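Enquirer: What follows is the residue order along each chain.
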Amino acid sequence: MSKYLLNKFLFTVDRDPELVERYREDPAGTVTWWEAERAGQILNCHSGEASTWLRFTDEERRALSQHDHVALFEMGAHPFLTLTLWIAMFERDATEPLGMQLDYARELAHVTLPYPDITT
Amino acid sequence: MAELVAVIASTHHPFYYRASTATGEDRPPFADEWVRKVEAFRETLTRARPDVLVMVGSDHFHQLWLDNMPQFLVGKAPFYDANWYNEEREFGLPRMFFTGQEDLSAYILREGLDAGFDLAFSNELRIDHSITCPIITLRPQNDLPIVPIYTNIFAPPLPQPKRFVQLGRTIRELVESWPSDKRVAVIGTGHLSLELGGPRQFGPHGPDPEFDRKAVEWISSGDIEGCLAEVSLESLHLPGNATHGFMDFMLMMGVAGEGRKADYVDTYDLFHTMEAYFTWYPDGGRQ
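Line by line, the protein sequences give chains A and B.
For the first sequence, this note's numbering assigns the number 1 to the initial residue and increments by one for each residue that follows.
For the second sequence, this note's numbering assigns the number 1 to the initial residue and increments by one for each residue that follows.
It should be emphasised that the hints constitute simulated quantities derived from the structure, not laboratory data.
Each hint should be verified, as a subset may be incorrect.
From the structure, some residues in chain B lie toward chain A, with a derived Cβ separation under 7 angstroms [stated by the list, open to error]:
#1 P14
#2 F15
#3 F61
#4 L66
#5 N86
#6 E88
#7 P156
#8 G197
Listed next, with one range per pair, are the computed distances between beta-carbon atoms [stated by the list, open to error]:
#9 B/Y85 with A/D58: 31 to 39 angstroms
#10 A/I42 with B/R49: 27 to 35 angstroms
#11 B/E210 with A/E107: 51 to 59 angstroms
These numbers were taken from a predicted model, which means no experiment stands behind them.
Ideal Cβ positions, reconstructed from N, Cα and C, are used throughout, including at glycine.
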């Protein structure tokens, strides 16, 4: 269980326009590539240095690979990161203003307080 | 010594820029009234004739990240670029550029550290919509130097609410003891009840109108003690999962002072979240 790594995936994809498109079109391939090549990259640090211990769990990998934002919420991924990236990927497909955001909320309607802890 | 000429607390709504500049069919029905309210609020800053703006906000995972997360950070740089690719993408915000009041940054850092706040600093800070939104609403000509101060309301573990109030009190003391003849306004932005990425997001109103009503009452009456008695890190989850941004309003209540009624109060009930605007004049508005 690595909320930090889930957040790191969402954060690094969201801030790269090419990765946003790649994750939209090929979620499973992007997650596999990212975990192998990018998960250990220490951000804002000397190039060539990397962490050696960061891995997704099977369920985390599945949720990201299937664009399952409900599961990400339930695992405690930071909701702002997930929402921001989902808007970037899927708002364009909505047929009316805020349609995507309201569908997103409806898919979480079963969630009750207290929400999953997002502390990392 | 410098003079504190205005204390301003506001929500920061990233959709204002797009709504207020949209025309024709793209202009939302709530835009005209929103613009009217913002322009009236803007006048409360204009009449204080500030020379320098201390801007309190919170980075939204732009430059500050979980591998190295400060709780309170002061920008100390001669200039600041502002707004980020994903804010341009989602909100249509423009790229902006600010001049820094670097000597006041240095003073706040030195004196703040000595006053018991282990403040982080940044000499190269790109600021985001928590600070650019109030510039767009309150000072669109963007002609004044700033000191940006970031708080962590976003990535738990967070500081306690009382710590935000204490920092606000300290910021006021430091502004008023700054050896300068400048007129300083302190502007901070946060949220009332707000849900982001959860089941209550983007409703017809903010997720908890009752919390919003109480929050506006606490702020407008300067009821810091009443607010601290009811608000905790745990309780702020209830009105909406992003409501910890309310702690920046609590910081601004600390700047304004216990029991100090706001001289200007306005709200606007929008979809998703309520807008709220407050101004205090420390000298009673005699200026």
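Enquirer: So which of the earlier hints does this model not fit?
Expert: Of the numbered hints given earlier, those the structure breaks are 1, 2, 6, 10, 11, listed in rising order.
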